[in-house]
Structures are given as structure tokens and as C-alpha cells.
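Fit chains B, C and D to the supplied structure of chain A, relying on the hints for placement.
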Amino acid sequence: MWKWLHPYAKPETTYHLTGRLIPWFSYLSIILLTIGLVWALLFSPADYQQGDSFRIFYIHVPSATLSMGIYVGMAIAALCSIVWQLKLADASAAAMAPIGAVFTFISLVTGAAWGKPMWGTWWIWDARLTSQLILLFLFLGVIALHNAFEDKVMAGKAAGILTLVGVINIPIIKYSVEWWNTLHQGATVSKMGKPSMTLDMLWPFIFSYMGFIFLIVVITCIRFRTEILARNGMRQWVRDLAVKGES
Amino acid sequence: MSDTAITSQLNQPIALSYRSAFMLILKRDVTLAFRHKDDIINPILFFIIVITLFPLGIGPEANTLSRIAPGIIWVAALLSTLLSLDRLFKSDYNDGSLEQMLLSPHPIFILVLAKIVAHWLLTGLPLIFIAPLLAVLLHLNENSYGALMITLLLGTPILSLIGAIGVALTVGIKKGGVLLSLLVLPLYIPVLIFATSAIDTAAMNLPFTGQLAIIAALFFSTLTLAPFAVSSALKVSTN
Amino acid sequence: MNSTESLNQPLLEANNLTCIREDRVLFESLNMQALPGDIIQVEGPNGSGKTSLLRILAGLSRPYEGDVLFNKTSIGKAHEDYHQNLLYLGHLPGVKGEMTAQENLEFNLSLHGMAPENAEKTLAEVNLLGFEDALASHLSAGQHRRIALAKLWQSKAPIWILDEPFTAIDKLGVKNLEAKFLQHANNGGCVILTTHQDLSFPENRVKKVTLQYRFFK
Amino acid sequence: MQFDSINAFFAMGGYGFYVWLSYGVSALMIALLIFMSCRSHKKTKEQIAKRYHRENKLREAAKKQAEQQTQSQAELLEEPHESTS
Chain A
1 MWKWLHPYAK
11 PETTYHLTGR
21 LIPWFSYLSI
31 ILLTIGLVWA
41 LLFSPADYQQ
51 GDSFRIFYIH
61 VPSATLSMGI
71 YVGMAIAALC
81 SIVWQLKLAD
91 ASAAAMAPIG
101 AVFTFISLVT
111 GAAWGKPMWG
121 TWWIWDARLT
131 SQLILLFLFL
141 GVIALHNAFE
151 DKVMAGKAAG
161 ILTLVGVINI
171 PIIKYSVEWW
181 NTLHQGATVS
191 KMGKPSMTLD
201 MLWPFIFSYM
211 GFIFLIVVIT
221 CIRFRTEILA
231 RNGMRQWVRD
241 LAVKGES
Chain B
1001 MSDTAITSQL
1011 NQPIALSYRS
1021 AFMLILKRDV
1031 TLAFRHKDDI
1041 INPILFFIIV
1051 ITLFPLGIGP
1061 EANTLSRIAP
1071 GIIWVAALLS
1081 TLLSLDRLFK
1091 SDYNDGSLEQ
1101 MLLSPHPIFI
1111 LVLAKIVAHW
1121 LLTGLPLIFI
1131 APLLAVLLHL
1141 NENSYGALMI
1151 TLLLGTPILS
1161 LIGAIGVALT
1171 VGIKKGGVLL
1181 SLLVLPLYIP
1191 VLIFATSAID
1201 TAAMNLPFTG
1211 QLAIIAALFF
1221 STLTLAPFAV
1231 SSALKVSTN
Chain C
2001 MNSTESLNQP
2011 LLEANNLTCI
2021 REDRVLFESL
2031 NMQALPGDII
2041 QVEGPNGSGK
2051 TSLLRILAGL
2061 SRPYEGDVLF
2071 NKTSIGKAHE
2081 DYHQNLLYLG
2091 HLPGVKGEMT
2101 AQENLEFNLS
2111 LHGMAPENAE
2121 KTLAEVNLLG
2131 FEDALASHLS
2141 AGQHRRIALA
2151 KLWQSKAPIW
2161 ILDEPFTAID
2171 KLGVKNLEAK
2181 FLQHANNGGC
2191 VILTTHQDLS
2201 FPENRVKKVT
2211 LQYRFFK
Chain D
3001 MQFDSINAFF
3011 AMGGYGFYVW
3021 LSYGVSALMI
3031 ALLIFMSCRS
3041 HKKTKEQIAK
3051 RYHRENKLRE
3061 AAKKQAEQQT
3071 QSQAELLEEP
3081 HESTS
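Chains as they are written, first to last, in this note's numbering: chain A, 1 to 247; chain B, 1001 to 1239; chain C, 2001 to 2217; chain D, 3001 to 3085.
By construction, these hints were calculated from the structure, which means they are not laboratory data. Idealized CB from N, CA, C, for every residue including glycine. Worth double-checking, as some hints may not be accurate.
Listed next, the in silico DSSO-like pairs over lysine-lysine satisfying Cα-Cα at most 30 Å (straight line) [to be verified]:
| id | chain 1 | residue 1 | chain 2 | residue 2 |
| --- | --- | --- | --- | --- |
| 1 | A | Lys-244 | D | Lys-3042 |
| 2 | D | Lys-3042 | A | Lys-10 |
| 3 | C | Lys-2208 | C | Lys-2072 |
| 4 | B | Lys-1235 | C | Lys-2077 |
| 5 | D | Lys-3063 | A | Lys-244 |
| 6 | D | Lys-3043 | D | Lys-3057 |
Here are the computed distance ranges between Cβ atoms for each label pair [as the list claims (entries may be wrong)]:
| id | chain 1 | residue 1 | chain 2 | residue 2 | range |
| --- | --- | --- | --- | --- | --- |
| 7 | B | Thr-1031 | C | His-2196 | 30 to 40 Å |
| 8 | D | Ala-3008 | B | Ile-1049 | 53 to 63 Å |
| 9 | D | Glu-3060 | A | Asp-151 | 24 to 34 Å |
Pulled out of the complex, with its shape left as it was, chain A reads as follows (with noise of 0.2 Å):
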């Protein structure tokens, strides 16, 4: 028990706790996202006013909810680590961050692309677009932060006060950006109706939903792995593993 509260067995357990889950969370992810990307191409209906594009749907919308939510999930840990100076949050903050620019980055494309059929023009200065575009830089913006200290826990630290301004900033961004939005183009564009979900489509983007959920869980358990060996380089146990798994 008191391994646990030790200070220096603490990343270690987490460690190889993750290590343990990361396969099991895998096969729940692959398992996931396979059914519920082979209902939404194959099975579920196409939607009565936008066809058969409807099916980016399917990942869109995960892809944009969930890079909100990685950054919520950052902040989180960024105050953690700031208020009870918990050092594991630190790494997990600075796990995230990649992984929230890239589902930012897949939201947009898929944005993009679904917005080609549906308006005629790659990119429209639609307010979900923009303030996901922003949500973009701000997620870059905290990498290049990170990645601009040597030292990671200095890092992690300066990455986590931009966290938290960025967090406070989001709905106002959100907010002045709809605002605009709406003050410049009226109703003259034809926005993307809110779609009439049927079951048929409902299940099929609740299963990869979740699958996207798990998918995010796993590289972030092998990035926060990462991270924690990293800051633990100067640990026996670190040195220990990094040796055995030379030869």
C-alpha cells in the first residue's frame, strides 16, 4: 500500500498500469469504430437532402466534439497539475496536446470536404469552421510552447498556464465568432440543416462515437507513457527498462 503514495514507485505503477490497458483498450476501439464505420458506409441510410456525402457525418462530428473535448480534457489536467502540483498531470496535458491538433485537423478536412457538395466551395467562413480553425492554432500554439523549453517539467508547467488562458478564451472565441458569423453573411448561405437522425443513422455514430473515444484513450495512454519516461529518465527503474528493451 505504501508503494503507492511513494513518491518515486508512482509513475512507475502508472507505467505499467497503462501498459496493461493499452491493449485492452485497442481491441474495444477497433472493435468499436470497425462496426460503426462499416454501418455508417454500408448499411445506414443516405440522408434524404444530402446523400450519400451525409456519411462524413460519421466522423466529422466526432472529430469536432471530441478535439473540444481533448482540450477541455488538457485544461483539466493543467489545473491539476498548477493547483496540487501533481506531476503526472503535467504529462498527460502535454500527451494530449498532438492528438487534439490532429483530431482538429481531421475535423476540418472532413468540414472541407463535406462543405464542397454541400455549398460548392472548400472553405466558407462558416462560424463552426472558424472557431474550429482557431481551436487549430491554439492547439499548435501550446505544442510549440512545449516543445520551445528544454526542460520538460518547465515545459509542461508554461504549456499549462496557455492551457488554461486558451480554455478561459474558447467561449469567448466561440461566442464572437458566431456573433461575426451571423452579423456578415445573414441567411443568404445554405447551411447544413440539422439532419432528421433515424435510429439507422443514431447507432451507427453512438458506435463510432465511442470507438473515437477509445482511439484517443490508447494514443494517449502511449504518449503520456512517453512522456512519463521522459521526465523519469534519471529513475533506476527507467534506466532498467530503456536498457532491457536495447538488447
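The following block gives chains B, C and D in isolation, referenced to the frame of chain A:
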């Protein structure tokens, strides 16, 4: 004898009030800037040059220019603030004065706020006086001048406050300049949107108090929150 | 005077300090106490963490583990109270080239809550008489350090933490400083310093904290 | 099954390009992310091992040097002994 001396020293009261500490730093920063005038003049010149570039790039039609004038002036203000942010903490960091300030017996909040106010007085305030002159060059709608001045008055302090967070985070990094813009510019977006929209609304002779209220709310919330973020960022950077 | 029992209350106490820089453990489980009257010299080769230790003691850096206690409270909590009683001089003198020697000192003094009126007299103490009105950018590195050190003559803070105070100071200046340290310690203050020079105090007057260059834990 | 033939499936009712572009880019990006994450994990381990070996070497060199020094010191001490005896 020395025993009593020490114990009496341990309980000595703060010799400097918050107000005088604030004034001390403010006066020092302003004096330093006036001794080193490039720091004040260069961002202003930059502001002027950027604004004159737009008509050259877009064409001299008065209609087009007057339509995009608010955006141009505000984007130029963002960029020139960004350019001047570096001197907020960089030179103090490099010569060790920043350490001494962090170790002074005053709350860092006060010191940081004084430095930001000094920065705004030296870069934000001049912009407010020059902007109307440049607006003439851009054929800004006559009704918009008031809105331009008020949004700049309320908005440029926000730029200094948010920018200070970015500088405090990057002050220890050798090549922090480009990184700073990546960190800070996305956070400037709301100010840009509401300020330009206030100016546009004023051009249509409509009331723009709504936008102004939002900018004021942004101003007061950054004024209370940003110094805390800056002080914790400085503690990380000087670590 | 040091032997008085009532003086044995430590001014500053470091408990179980661990410092890690870019995954090198600089020192681990370091304990030290600064009693009134102590002159403590932190020694060790380059890169052994002397500056890091002083910065942690001053509260500029946070230790990876452990705590620094002033007046029995952690310095992280008693930040303002601690800084009232601390004088720290780092590697960098914190002197502004755009201001004159006197203005620099006056600012430094008022920043730390000392009266700025005696700045001119104090500059004379550190052999800068006649340079009051010279812009600091025209002065040498040694003179910059003297401006920074001038604070010592005005300071009432009992705890002095000085990182390489003798850098760029001439022989006479070093002698003056050493006399000042001794006087401060004899008055019930403590001096914690790093220096590569040998101090001219008698052996038993100086406590030594030795840091070793460590490869890893 | 919503599609009659494999061709219809790929055509996606005329939206094939957009749908497959979205799915393709997403799969590629995620695959790349996973690949990079795994690689950086391996690289970090390798770096730590490298540093470990380097420090071991340095430490042994330092030990040897120290041994030599004590040896030569011992020799120096012994010399006068020899001359007196």
C-alpha cells in the same frame, strides 16, 4: 543585543505601500523608454507603414478602402502591439532586474500590473492619437471616428494585458518572437471582431453600445485575471 | 556571540531538498540550516547545482521535492514576509544601462523597501564616488556589480544569499566585502554565498556545504 | 445494405470523391499519429539507454583517474620512506 535586533527585523512592516510600489515601477519603465526612444517610436512607425501599405496593395478606390478601414487599422494595431511586447520583460529578464522584482516584498501582481500599464502608456496610447489621422488616409466613414477612438481606448489595454501573458511565457526562450505571435494572436480575435464591428455599426449610424459593453467586459475581466496569469508565467520562466 | 543559546533558532532551514534539471539529479535529500551568525559557503565544481541551490533557497525556483522554511513556514506560503528579510544577488547585477548609477541604486533600494535618500553616500562605500551621474552603460562590469552590491550597506535583511559576489571585483573590493559579511554575521545575520575564491576568514568561521557533480541517482 | 454493387459503393451516389477523401485523410492522419507516438516512445527509451551507457563510461573513467591519483600519491609518500631506510 543582536538577538533583539534580528527579531525586530523579522517583523518589520512593509515599508512601501502598494500604490507607491506601483508608481515606482511605472515611473522607472517610462523613464527607461524615454531614454531609449526607439522603443516608443518604432512600433508607431510600423503601425503607420503597415496602414499605408494596404491602399498600395488593394487600390485607391475610396469605397473599398472605407469599407475595410476598421479592419486594417485594428489588424495593424494588433501587429504593432505584438512587435512592442518583447520589451515588456525581455531586457529585465536578460539583465537580472526581473529576478530582483520577483524577490521584492511586494505582491508580484502589483509589479506586473505596473509594467503592463507602462507598456500601454507607451504603445497603446500613441496609437489612439495617430489612428484618426491614418483613418483619414483610408477614407473611414465620418460617423466612425468616435467609435474608432473608443474601441482603441478600451481595446488596446486588452492587447497589452493578453500579450503580457505571452511574453511572460516566452521570456526565457531564446527565439521567442515568432512563437509569441502564435500564442497571442488567436487570443486577440474576440477584441478584433467586436471592435471592428462596433466601428462598422457606427458607420451605419446605428448605436454600437452592445459591442462596446462586450469590449468593456473583456477589458475588466482581463484586467483582473491577466496579471495573475502573468505572475505565475514569470515564476515558471525564471525558474 | 554565536555561542549564545538563544541565537540557535535557525533563520533559514532547508529540508530534504531535491533538484532535478533536464533529467539530471543535481542534489538529493539535502538538508541545511542557517543560524544567526553563520557564513555558509556552498562549494562544488561547475554544474553541480550551486546556483540552483541558491535560487531554491531564495524562492526563485521550486525544488523537485522538499521544502525551504523561514520562521517555520514554507517560503512558498510566506512569500512577502520572507522577501522582507531576504537579500539575494544573482549572477546578473540587474543594472539598467539607460539609468545612472545613482538612479539604479535608488530604484533598487526603494524596490526592497529601503530609503533611497542615502544612495549617494552608499555609492561612496563601494568606491563609486564621482560616478553617480554616469550612465550605467558607460561603466564596467565590475562597477555594475558594485552598484548591485551597494545594497548590502543599506540592507536590514538578516538573510543574505549571494551568488558569486566577487565576480569582477578587485582585491580591495573583495576585502571590503569580506569585512562587510563578517560584520553582518556578527550582528546576527547570516550569509549564504558561492565563490570560487578562498575566503580569508578563519576556517571555523565558515560553514561549508559541498555539492558533488553527480552522474545520476 | 444500401448499395447494389461495389461500384455504387465506391461512387457514393456521386459524392465518392468527398466521402473517400474524408475517410482517407482521417485514416492517414490517425495512422501517422499512432506511428509517430510509438516511434517517439522507442526513441525516448533509446536515448535514455544511450545516456546511461555514456554516464557509466564517464563514471568508470573518473573512478580510474581517482585510483591512479591515490596510487601516485601513495608512491610519493613511500619515496622518502625508501630513502631513509
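Inset, instruction - Give me the numbers of the hints this structure contradicts, sorted from smallest to largest. - result: Violated hints: none at all, because every hint is consistent with the structure.
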